[in-house]
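These are the residues of each chain, in order.
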Amino acid sequence: EPEVTQTPSHQVTQMGQEVILRCVPISNHLYFYWYRQILGQKVEFLVSFYNNEISEKSEIFDDQFSVERPDGSNFTLKIRSTKLEDSAMYFCASSVPGSGSYSNQPQHFGDGTRLSIL
Amino acid sequence: KNEVEQSPQNLTAQEGEFITINCSYSVGISALHWLQQHPGGGIVSLFMLSSGKKKHGRLIATINIQEKHSSLHITASHPRDSAVYICAVKMSSRLTFGEGTQLTVNP
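Residue numbers (the numbering used here), protein chains in the order written: chain A, 1 to 118; chain B, 119 to 225.
Misleading hints may appear alongside valid ones.
Looking from chain B toward chain A, a few residues come up when the C-beta cut is under 10 Å (computed) [stated by the list, open to error]:
(1) Val122
(2) Val145
(3) Ala149
(4) Val162
(5) Met166
(6) Ser210
It should be emphasised that the hints constitute simulated quantities derived from the structure, not laboratory data.
Since this is a predicted model, take the numbers as computed values, not measurements.
All C-beta atoms in this analysis are idealised placements derived from N, C-alpha and C, irrespective of residue type, glycine included.
Hey, can you work out the whole structure from these sequences and the hints?
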């Protein structure tokens, strides 16, 4: 069965450094998402992306964050200047086309990237 | 108050028992997901439903839109069902997650 793949599985970065988390969504999916889960807390929505632009973003997704689909297969999350509180598990998800700008189809999740900021 | 409330937070069962996990939400939604998260952290989508009931193997999910309530049932539970079960509601493009229910099934 097709999978969403995320790399790396674990990223350790010094505070203040830039980090790029990478995701390869399922190939025929057109809607892409990033979520994060701080240790011991619930999963939180960061951003959704469709048709090469952000559809929706949360209050967490400030100017330090950006997303990009640099080619036909990758979807990336960049954190420009990492802070200690960015330490979390970051999940990428994708879903098949729905009708309109939102997909009402199930979201398929990757295994996550654990980001540790020192 | 959280938009998505799950109960119980923790549940311990003996192998073979029937399990019910509940989810209540306070907002208008287009769909509700039940997800499973294993100790390694990966998330697997179990069901997405917007009305009625769905069944997959030993798992059954129901939703009552009027009452803003959903349940996940596991029949004949097994130790391999031990995981965190998460309810998430869909509003526009985003999923809003509950805190999760930690299920432990003992042999």
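Evaluated hints:
For Val122 (chain B), the shortest C-beta to C-beta distance to chain A is roughly 8 Å, which falls under 10 Å, so the interface hint holds. The interface hint given for Val145 (chain B) is violated, since its Cβ lies 13 Å from the closest Cβ of chain A, which is over the 10 Å cut-off. Contact between Ala149 (chain B) and chain A, as hinted, is supported at the beta carbon level, the nearest pair being about 6 Å apart and thus within 10 Å. With 10 Å as the threshold, the beta carbon of Val162 (chain B) comes within range of chain A, its nearest partner Cβ sitting at about 7 Å, so the hint holds.
This hint holds: Met166 (chain B) has a C-beta 4 Å from the nearest C-beta of chain A, less than the 10 Å allowed. Against a cut-off of 10 Å between C-beta atoms, the interface hint on Ser210 (chain B) holds, since the closest Cβ of chain A lies about 6 Å away.
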